[in-house]
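Line by line, the protein sequences give chains A and B.
Counting in my numbering, the first sequence runs from 132 upward without gaps.
Counting in my numbering, the second sequence runs from 3 upward without gaps.
It should be emphasised that the hints constitute simulated quantities derived from the structure, not laboratory data.
We put the beta carbon where it would ideally sit given N, CA and C, even for glycine.
Careful: at least some of the hints might be erroneous.
Said to hold, decoys possible - Estimated spans, in silico, between C-beta atoms of each pair:
| id | chain 1 | residue 1 | chain 2 | residue 2 | range |
| --- | --- | --- | --- | --- | --- |
| 1 | A | Thr189 | B | Arg46 | 23 to 33 Å |
| 2 | B | Asp32 | A | Leu150 | 32 to 42 Å |
| 3 | B | Asn55 | A | Tyr207 | 41 to 51 Å |
| 4 | B | Lys16 | A | Ser184 | 43 to 53 Å |
| 5 | A | Pro171 | B | Ala63 | 19 to 29 Å |
| 6 | B | Thr22 | A | Pro171 | 32 to 42 Å |
| 7 | A | Asn194 | B | Gly18 | 48 to 58 Å |
| 8 | A | Val151 | B | His99 | 30 to 40 Å |
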Amino acid sequence: KQEVTQIPAALSVPEGENLVLNCSFTDSAIYNLQWFRQDPGKGLTSLLLIQSSQREQTSGRLNASLDKSSGRSTLYIAASQPGDSATYLCAVKEETSGSRLTFGEGTQLTVNP
Amino acid sequence: DGGITQSPKYLFRKEGQNVTLSCEQNLNHDAMYWYRQDPGQGLRLIYYSQIVNDFQKGDIAEGYSVSREKKESFPLTVTSAQKNPTAFYLCASSMAHRPSGYTFGSGTRLTVV
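Isolated chain B, as found in the complex:
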């Protein structure tokens, strides 16, 4: 079955560490997205990529980095510069043509310890 796989499901980060969240899709979608979800704030866009080797900042990109070396993969690195990284992170994908909907992964919960 086609879908989006996020791993790990739970991740713990120590102060000052960088951590990388994985997102893989086998839907042959062109575009991929990373959102952060905090209680009471809804989903906010971190980064998105509409094509391989290209990506754009979203609304809250500071302290995060991404790469898009393959169409199927869009990993997110939470760097030590992100001061409040504890959140639920969701990856999504869609076809590049405008009318398509989004498909989401099951999320990664990141906690700073």
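Just chain A, same shape as in the assembly:
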């Protein structure tokens, strides 16, 4: 059974700092990996989608990498801002099990002004 782990569970940084969030998964038979952002009491907003054949994706200050063979992904946030404060979730789409997404438990990020 696929398991997704996110480290750290919580992170507090000063504004302007560059930071890295980590995601690992146990089964490398995935179609893609998706990073989401969730604000308190809200739904999930997709940030980046990396296909299994890709190494990284970039959107603005966000860069996500994928090493499928080692079961790891990182989300890099450059020049963090207080508005980046949220919970960040990674999820993998499995090749089996009906293309379901399996989620990590998230990293709760706080960026202090």
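Starting from the known structure of chain A, arrange chain B on it as the hints suggest.
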């Protein structure tokens, strides 16, 4: 704008009642999913449907039921058999082809009173 609409935003259920959560999408996505989110447990898959008139159980289907009579709609009924229904419920959709990402709704918070 295309998206997923979940309603209501907040729902209160009395003991022994069935309640139905609505999920509608206008993205022309083939597949739809229901997840439950509890603090400290991440998102868990309840049911999913890859095509109209067909659906499969996820990891925690007991006490829930779904229907998929139209491509756009995937309502979730929380029955009285669900012993601990208080949670945040999220609906998602995706294209059927494997490399596509997920789009999520804004969620429904269900509370038992």
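Each hint, compared with the structure:
1. At roughly 31 Å, the beta-carbon separation of threonine 189 of chain A and arginine 46 of chain B lies within the given 23 to 33 Å, and the hint holds.
2. Between aspartate 32 of chain B and leucine 150 of chain A the Cβ separation comes to about 36 Å, which falls inside the hinted range of 32 to 42 Å.
3. Separation of asparagine 55 of chain B from tyrosine 207 of chain A is about 43 Å and conforms to the stated range, judged on CB atoms against 41 to 51 Å.
4. For lysine 16 of chain B paired with serine 184 of chain A, a C-beta distance near 51 Å keeps the hint of 43 to 53 Å intact.
5. Between proline 171 of chain A and alanine 63 of chain B the CB atoms are about 28 Å apart, so this pair conforms to the stated range of 19 to 29 Å.
6. Between threonine 22 of chain B and proline 171 of chain A the beta carbons are some 25 Å apart, a value that contradicts the proposed interval 32 to 42 Å.
7. Between asparagine 194 of chain A and glycine 18 of chain B the C-beta distance comes to about 50 Å, which sits within the given range of 48 to 58 Å.
8. Remark: the range hint 30 to 40 Å for valine 151 of chain A to histidine 99 of chain B is upheld by a beta-carbon distance near 31 Å.
Comparing the model with each earlier hint shows a violation of hint 6 alone; every other hint is respected.
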